[in-house]
Amino acid sequence: MKKIVILFLLLTACSQAKKENGTPFSVFNVTEDEWGVYEGRITNKDGKVDNYELSLKQASVGVDSYFKLNIFRNNYSLVVYGLGNQGNYSVSYGLPNHEQGLTINCHIESIKDKVITKEDGKKINILGYEGLDNLYFKTEGTEKLILTNSSFRSEPNTDNVLHKRSNLFTAEGYVTADSVTSEFFERNTMEKWNLSKLMAYDSIKGMYQKLATESNEGVYLKALAYSILDSDSTGQSRKLLVIKSILKMEKSSRFNRIE
7 MKKIVILFLL LTACSQAKKE NGTPFSVFNV TEDEWGVYEG RITNKDGKVD
57 NYELSLKQAS VGVDSYFKLN IFRNNYSLVV YGLGNQGNYS VSYGLPNHEQ
107 GLTINCHIES IKDKVITKED GKKINILGYE GLDNLYFKTE GTEKLILTNS
157 SFRSEPNTDN VLHKRSNLFT AEGYVTADSV TSEFFERNTM EKWNLSKLMA
207 YDSIKGMYQK LATESNEGVY LKALAYSILD SDSTGQSRKL LVIKSILKME
257 KSSRFNRIE
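So my numbering is basically just the index in the sequence shown, starting at one, shifted up by 6.
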């Protein structure tokens with residue numbers, strides 16, 4: 007009996023220590039073994055726009071944690087950096103409106119314009135990248151990271167925002183991406199989504215213009231996707247579908263296929 011009591015006390019102490027040492031950042035609603043992933047478009051100081059994929063792993067309050075960062079341009083992974091493809095980031099508190107500041111401790115080397123030849127012989131033109139030291143973001147609610155300067159102040163009217171995304175999933179259905187409508191009807195769940203203009207949206211719109219021959223025509227699309235929450239012009243939160251990469255896109259008949 008005494009041994010059982012001692013074992014119970016030890017387990018209780020360990021549980022309390024875990025709770026005290028494992029307090030997560032309020033903005034990162036992930037478990038200890040998970041990464042919160044944020045994606046969006048950033049206009050760099052050289053004026054070029056890239057797709058950023060920033061993964062953040064939580065830690066105890068006041069302790070640096072880890073990040074992973076990919077920068078994509080022309081559907082090619084341009085930069086992966088950090089120690090072992092990851093590095094440290096830290097969180098600053100006390101910003102207005104209960105916001106938090108993030109310092110991503112990184113160093114990005116400048117890259118000159120170059121041409122990459124893939125295994126299939128296809129050539130890809132990669133635009134250069136102007137290097138920088140460290141990235142700074144501030145939180146907006148629990149769903150957004152806004153790029154700032156080192157004082158955690160963002161430029162007015164900036165679109166340099168990363169959105170917290172869901173897990174990736176395969177979406178299959180019919181897309182409409184004309185000058186008026188940008189929607190996706192998922193045929194398995196029978197759910198209609200508004201499309202975000204992030205990631206592969208420009209490619210989808212270009213392919214749609216080649217494939218669609220009628221107004222509001224639905225074109226078949228199978229893609230790797232995720233969802234985000236964003237605000238519309240009235241400030242209301244809405245769920246949007248982001249197409250990360252196209253797996254197959256074709257006219258709804260078996261003809262005129264583009265893959």
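Note that these hints are calculated values from the structure, not bench results. Be a bit skeptical, because a hint or two may be false.
[What the hints assert, rightly or not] 27 Å max Cα-Cα, derived DSSO-like pairs, lysine-lysine: (1) Lys-216 to Lys-203; (2) Lys-128 to Lys-245; (3) Lys-216 to Lys-144; (4) Lys-129 to Lys-216; (5) Lys-129 to Lys-144.
All values reported here derive from a predicted model rather than from experimental measurement.
Quick rundown of the hints versus the structure:
A hinted pair counts as satisfied when its Cα atoms are at most 27 Å apart, and Lys-216 with Lys-203 qualifies at roughly 18 Å. For the hint linking Lys-128 to Lys-245, the alpha-carbon distance of about 36 Å lies beyond 27 Å, and the restraint is violated. For the hint linking Lys-216 to Lys-144, the alpha-carbon distance of about 40 Å lies beyond 27 Å, and the restraint is violated. Our distance criterion of 27 Å between C-alpha atoms is met by Lys-129 and Lys-216, whose separation comes to about 23 Å.
Restraint check: the Cα-Cα separation between Lys-129 and Lys-144 comes to about 38 Å, which exceeds 27 Å; the hinted pair is violated.
Going through the hint list in order, the structure does not satisfy hints 2, 3 and 5.
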